[in-house]
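Model the full structure from these sequences, guided by the hints.
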Amino acid sequence: MIHGAFDRNRSCALPLLAIVAHLLVGEPQAKASWGWSTAQVGSALELVYGSPMLDQLQNSGIVILNESHAPTQTTVIVVGVPRSGTTMIAKALGKMGVFLGAELDPSISEDIRLANALERSPDSLPGIIEAYNAAHEMWAFKRPTAYQTIDPGLFRNPRFVVSFRDPVAIAKREELSMTFDFREQLSRATRWSADLAEFALRQTVPVMLVSYEKALAKPKKFVSDLASFAGISPTWLQMRAARASIRPSPADYVASSQIRFPKK
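Quick note on the working numbering: the sequence shown kicks off at 108 and runs consecutively.
Honestly, I wouldn't trust all of these hints.
Below are the DSSO-like pairs computed for lysine-lysine, each with C-alpha atoms no more than 30 Å apart in a straight line [claimed, not checked]:
#: 1; residue 1: K327; residue 2: K279
#: 2; residue 1: K279; residue 2: K321
#: 3; residue 1: K279; residue 2: K325
#: 4; residue 1: K279; residue 2: K328
Restraint-style ranges between C-beta atoms, simulated for each label pair [claimed, not checked]:
#: 5; residue 1: F287; residue 2: E244; range: 36 to 44 Å
#: 6; residue 1: E244; residue 2: K279; range: 34 to 42 Å
#: 7; residue 1: S167; residue 2: E291; range: 38 to 46 Å
#: 8; residue 1: R298; residue 2: K321; range: 35 to 43 Å
#: 9; residue 1: K279; residue 2: S340; range: 36 to 44 Å
#: 10; residue 1: S231; residue 2: L283; range: 32 to 40 Å
#: 11; residue 1: A304; residue 2: R263; range: 23 to 31 Å
#: 12; residue 1: E244; residue 2: M285; range: 32 to 40 Å
#: 13; residue 1: T179; residue 2: R290; range: 44 to 52 Å
#: 14; residue 1: A242; residue 2: A276; range: 33 to 41 Å
#: 15; residue 1: P355; residue 2: E305; range: 40 to 48 Å
Think of the hints as simulated: they come from the structure by calculation, not from any bench.
All values derive from a computational prediction rather than experimental measurement.
Virtual Cβ for every residue (Gly too), placed ideally from N, Cα, C.
The structure is reproduced here in structure tokens:
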């Protein structure tokens, strides 16, 4: 009776039967008992245990350009189109124990001191960088549009993490938070994304390209790859905290990066 029920819907029963047959009686008896071919047994086991071939086709949304082992002394620079996930990346680095700056705004994970120097007083940049280098073998900073003006040569063994995000989502966030015109923001986000890609492809130093959407979908993979790229060895608790920080639109970020409502 049971045998007949499974025969009528064998495709649904394959994974369960594969476990029972493979673990309890082995493949030959499974083939004899159920009339399966070797291919059917293999297909069932792939459903249960996964396929090495299919594993190679999984898209993590992460690509490393100019890959090389991270030296002990290095600087990670996080850039991207504004609203593309750079804060999330920087926050993950911070959760893993990476120094992000002396005047850090925790809501956006950005060093105000370095950001102001970069855009208002570039002559002060070398002094700030030298001080950070002296205090930290490895450190990072995030400034989305720094890719438009930055000189990588100022930094010690620089490594870029470049965030990409769906331009429609970027434009909608700017409309919601800053009351900007959606059409204008969509045009800008699309144009800047192309500029960002050109910047990344021009670099000769290591570059980690990150899909914001894929990072949200696969936080464990993203955090692990980010730590490896940065050359750091976080504790298990730090890794867990970093994974927990990978989430869309956290309240502190949304509240601090908008002009529509009073800020507390």
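Structure-based check of each hint:
{"no.": "1", "hint": "K327 with K279", "verdict": "27 Å, holds"}
{"no.": "2", "hint": "K279 with K321", "verdict": "19 Å, holds"}
{"no.": "3", "hint": "K279 with K325", "verdict": "23 Å, holds"}
{"no.": "4", "hint": "K279 with K328", "verdict": "27 Å, holds"}
{"no.": "5", "hint": "F287 with E244: 36 to 44 Å", "verdict": "40 Å, holds"}
{"no.": "6", "hint": "E244 with K279: 34 to 42 Å", "verdict": "40 Å, holds"}
{"no.": "7", "hint": "S167 with E291: 38 to 46 Å", "verdict": "33 Å, violated"}
{"no.": "8", "hint": "R298 with K321: 35 to 43 Å", "verdict": "23 Å, violated"}
{"no.": "9", "hint": "K279 with S340: 36 to 44 Å", "verdict": "38 Å, holds"}
{"no.": "10", "hint": "S231 with L283: 32 to 40 Å", "verdict": "35 Å, holds"}
{"no.": "11", "hint": "A304 with R263: 23 to 31 Å", "verdict": "26 Å, holds"}
{"no.": "12", "hint": "E244 with M285: 32 to 40 Å", "verdict": "38 Å, holds"}
{"no.": "13", "hint": "T179 with R290: 44 to 52 Å", "verdict": "48 Å, holds"}
{"no.": "14", "hint": "A242 with A276: 33 to 41 Å", "verdict": "37 Å, holds"}
{"no.": "15", "hint": "P355 with E305: 40 to 48 Å", "verdict": "27 Å, violated"}
The structure fails to meet hints 7, 8 and 15 from the earlier list, while all remaining hints are met.
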